[in-house]
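Q: Listed below, chain by chain, are the residues.
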Amino acid sequence: MLPYLVRRLLVMVPTLLGVSVVVFLSLHLTPGDPAQVILGPKATASSLAALRQELGLDQPVHVQYLRWLRGVVTGDWGRSIQLKASVLSLVWQRFQATLVLSAAALLIAVGAGVALGAFSASRAGTLADRAAIAVSLVGYSLPPFFLGIVLQVVFGLRLGWFPVTGMLPPGGGGFRDMLPHLVLPAVTLAAGIGALLARMTRATMMDVFGQDHVRTARAKGLVERAVTARHVFRNALLPIVTVVGLQIGYVLGGAVLVEQVFSWPGIGTLAVNAILARDFPLVQGVTLVVATAYVFANLVTDVAYVLVDPRVSYA
Amino acid sequence: MSEPRRPFDPVATFSLVARDPDTGDLGVVVASRFLAVGAYVPTAVAGVGAVASQSYVNTTFGPRAVEMLRRGASPDDCVAEFRATDDAFESRQFGIVAADGRSATFTGSGCHPWAGGVAGEGFAAQGNILAGPEVVDALVLALAAALSVGTALAQPGSRVVVGLQAEPVTLDVAQLSDYNSSRAAMEMYEGLVRFAHGSTDIEPGLAESWDVSDDGLVYTFHLRPGVTFHDGTPVNAEAVKFSFERQIDPEHPYHDTGEFPYAEFTLGVIDAIEVVDDLTVRITLKETFAPFLANMAMHAAALVSPTAVMRYGRDFGEHPVGAGPYRFVSWQRGVEVILEANPDYWRGAPQVERLIFRPIIEDQARLAALEAGEIDLAVNLPPDDLPRLRQDPRFTFAEQPGMHTWYVVFNVTKEPFDDPRVRQAVAHAIDRDAIVQAILGGTGETAVNFLPPVVWSYTDDVATYPYDPERARQLLAEAGYPNGFSVEFWVPESGSGMQQSVAMGTVIQDFLARVGIDVTIQQFEWGTYLDRVIVPFEQADSVPAMFEMSWIGDNGDPDNFLYILLSGDQFPPYGFNLGYYDNDEVDDLLRRARTITDPDERLPLYQEAQRLIMADLPVLPVDHETQIVVHSSSIRGFVPHPTGVFRFENVEVVGR
Chain B
1 MLPYLVRRLL
11 VMVPTLLGVS
21 VVVFLSLHLT
31 PGDPAQVILG
41 PKATASSLAA
51 LRQELGLDQP
61 VHVQYLRWLR
71 GVVTGDWGRS
81 IQLKASVLSL
91 VWQRFQATLV
101 LSAAALLIAV
111 GAGVALGAFS
121 ASRAGTLADR
131 AAIAVSLVGY
141 SLPPFFLGIV
151 LQVVFGLRLG
161 WFPVTGMLPP
171 GGGGFRDMLP
181 HLVLPAVTLA
191 AGIGALLARM
201 TRATMMDVFG
211 QDHVRTARAK
221 GLVERAVTAR
231 HVFRNALLPI
241 VTVVGLQIGY
251 VLGGAVLVEQ
261 VFSWPGIGTL
271 AVNAILARDF
281 PLVQGVTLVV
291 ATAYVFANLV
301 TDVAYVLVDP
311 RVSYA
Chain E
1 MSEPRRPFDP
11 VATFSLVARD
21 PDTGDLGVVV
31 ASRFLAVGAY
41 VPTAVAGVGA
51 VASQSYVNTT
61 FGPRAVEMLR
71 RGASPDDCVA
81 EFRATDDAFE
91 SRQFGIVAAD
101 GRSATFTGSG
111 CHPWAGGVAG
121 EGFAAQGNIL
131 AGPEVVDALV
141 LALAAALSVG
151 TALAQPGSRV
161 VVGLQAEPVT
171 LDVAQLSDYN
181 SSRAAMEMYE
191 GLVRFAHGST
201 DIEPGLAESW
211 DVSDDGLVYT
221 FHLRPGVTFH
231 DGTPVNAEAV
241 KFSFERQIDP
251 EHPYHDTGEF
261 PYAEFTLGVI
271 DAIEVVDDLT
281 VRITLKETFA
291 PFLANMAMHA
301 AALVSPTAVM
311 RYGRDFGEHP
321 VGAGPYRFVS
331 WQRGVEVILE
341 ANPDYWRGAP
351 QVERLIFRPI
361 IEDQARLAAL
371 EAGEIDLAVN
381 LPPDDLPRLR
391 QDPRFTFAEQ
401 PGMHTWYVVF
411 NVTKEPFDDP
421 RVRQAVAHAI
431 DRDAIVQAIL
441 GGTGETAVNF
451 LPPVVWSYTD
461 DVATYPYDPE
471 RARQLLAEAG
481 YPNGFSVEFW
491 VPESGSGMQQ
501 SVAMGTVIQD
511 FLARVGIDVT
521 IQQFEWGTYL
531 DRVIVPFEQA
541 DSVPAMFEMS
551 WIGDNGDPDN
561 FLYILLSGDQ
571 FPPYGFNLGY
581 YDNDEVDDLL
591 RRARTITDPD
601 ERLPLYQEAQ
611 RLIMADLPVL
621 PVDHETQIVV
631 HSSSIRGFVP
641 HPTGVFRFEN
651 VEVVGR
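These protein sequence lines are chains B and E, in that order.
In case it helps, our numbering puts the first sequence at residues 1 to 315.
In case it helps, our numbering puts the second sequence at residues 1 to 656.
Worth double-checking, as some hints may not be accurate.
[As the list claims (entries may be wrong)] Think about it this way: if two alpha-carbon atoms lie no more than 25 Å apart in a straight line, the pair counts; the simulated DMTMM-like pairs of lysine to aspartate or glutamate are:
no., chain 1, residue 1, chain 2, residue 2
1, B, Lys-84, E, Glu-318
2, B, Lys-84, E, Asp-231
3, B, Lys-84, E, Asp-249
4, E, Lys-286, E, Glu-264
5, B, Lys-84, E, Glu-340
[Stated by the list, open to error] Distance windows between CB atoms, simulated:
no., chain 1, residue 1, chain 2, residue 2, range
6, B, Phe-146, E, Ala-131, 36 to 44 Å
7, E, Pro-453, B, Arg-176, 27 to 35 Å
8, E, Ala-349, B, Asp-177, 23 to 31 Å
9, B, Val-63, E, Arg-394, 33 to 41 Å
[What the hints assert, rightly or not] Take a look, some chain E residues computed to stay more than 12 Å from chain B by CB distance:
no., residue
10, Val-29
11, Ser-32
12, Gly-132
13, Glu-264
14, Trp-456
Everything labelled a hint here was simulated from the structure, so no lab data went into it.
Beta carbons: idealized from backbone N, C-alpha and C, even for Gly.
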């Protein structure tokens, strides 16, 4: 196991390098000038030129990239052009908010999705099953920004149960103050994945229900609940874990939209602004963190296989 | 004192006595579970006064109070009289409003909790056995929403939460270049002079007076003694010198503490700054420049604490220190900026204790936050929702015709727009009222003149171009284009002040097609767009024949529109005459006007220039954007400023 982990961690390095090169190039190839964005429409040509020089934007692209890379390795992620602050501290602050939102969404999605799927599978073909399928189909089809606005209007404005924007009340607060703020964005972000998981769980469990060992278990006289829990659900877990692992990427991506709708102060809103402002160092920093999170999530998924399936082992 | 009689079981009761300040009407409302409460509580006589008497009701109070008021007694006299004559006085509760608006409310210590009341000019609200003071506050708020009696109710210790459109990027006043940053930052700062409330008139700020030399080249400012920045650093001549030189002198030791987008524009005309004594500073200009005082009111001329800049260096923008009505508390990136009232502000501490600025990027989300009460004030709400909000008593609209012009630039160096008749034809071909109504939803005012009406010297005595496609075709024929022509029209995807740039461009394309002008639209990202349309005269050929632009005024001076945008001296890179309009007569008027300091002498020059410009029509002004601020009705005294910043110095929060 340990050599495997080390190998996987080493492979991360070229992956992240590749991502950073692609992002760096695509940013520099798209039109738009950060100096113009900073100084605004009333800037003079000479002040623009001076600023470009100060920011190193007059250097060749590969020189700019290598300079950035040297900084990252030594812990200096540069200074945001637009927000005039250290990239590392900006990204880290905002990433925490995204992690909280994503974790809550995943918990809700896995809890509700798997439960709904299992419920459906054990009552396959009944009216309840069909209703559950319909619910998951709707959840899967609704784009997050639309669902978000609907939830805002219904549960925020009409019923007044939850706040509609931000992570904390104005002026700040603690963890308890955050929980009500978390509900609507987390549910919005969870809906798509939860629905997908419900359908996955149902399909896989139905599949396992038809297998020989299940017939054997039933023949042994096990009660149906034990059959479902011990012999079906456990076996259906492997594909579910895979899907959950893959969805971590979706969650981080979906968080961008959901954060916009609910003004959640996460990395998504930061990234959108950074891209619009052609804030190269900040976009690079955000990308690096998100890509790292993504790669780690895949690693965790692979390790999770060992835990749910004794047949899988890594040498 | 004997035990009060208990004729009724205790039941919750609350009431409001009020006078309509406009009509003088008097009224009493009371709510209670007590049966037929209306028979006991209210008494009112037109032209005299109204009374609500409750808790353990003394039913004689109403008629006696009205009789006393009729004889000229005040509501307070009534309270004193009842206190002296009623031995169960401490179990009573009542409110009195006289026809002249004087009022009183009384809650005895024997009333069942929670009990209490509030009285102010023209109203008295009170109740007992309530959930808490918020019930009484809600009564007052309901009244305040209907009438304008709020000012008497201002609550110290209150706060206002502002919904911004985007995250502020810096709170360093010298580095501001966007509305979201300046709205969050400007209340922390003040300059030598400032713009008056709701206008661009100049009034004294940190300088109590100033002298101008006869040639208009030397300004001597006399600073207000005893004023300090929020960190205790004195506001003195050295601080003025530091604040300005930091921005304009590349050799200044603190010049590298930021980028200063408005330095050249605001302070570029300064030749030297001398400290005469601690409270006197002398500024010499490179040339006579009439709008200089107006520039001194702009944000880049606000004073910063030199101590704080020295201490925080490049991070001053995160630890801002000025001498304005509010001081910095905290800034959590992406979440909120918090300011608090400066108790030592030289004009006196503002009423609202705290200001909180939260970025809410999505218009729809900002609207939801406002409706849910999470924010108290917002701009740029979706135009489609404005009519509904106008009907909602919880919200108040504050509107201000903007110091802004959205216009189409004609590149006059290129055919066919070198011919004024073609430019005039385009103007007649476009129904600008329709654009303002249909696309902008009335959030703009159709432009008559290039200069916005809020800028002084504005005149509507200029050539006008009403929608008249027939006249357009005729002008085209006269100019030798009876069958129209083809032209490229550049449009940015979005941009500061550009409103609905794409939709407006598309409609213009459609209108022009109807008179035979075949328009091809090219869209650009804003940064790229500016790069491509702001180019020196030598490359005029690379600039399209027609493109969109907008200008937001900086200092309320006509020079800031007319000279900088349309003078032949101001081709890029010197200024922003992007279509290379060059009329010697106009240039002469504008040049003279900026060197004369007497506004009365400047006025006719500017008005003549406006007439010449609108006859030539080098640019087609389409609209002036209206700033629409929607705020909670509990906020009083908010007046939008033509420069787009928010001022809270005179704002109060009532009934919360």
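Q: Against which earlier hints does the structure fall short, listed by number upward?
A: 7, 9, 13
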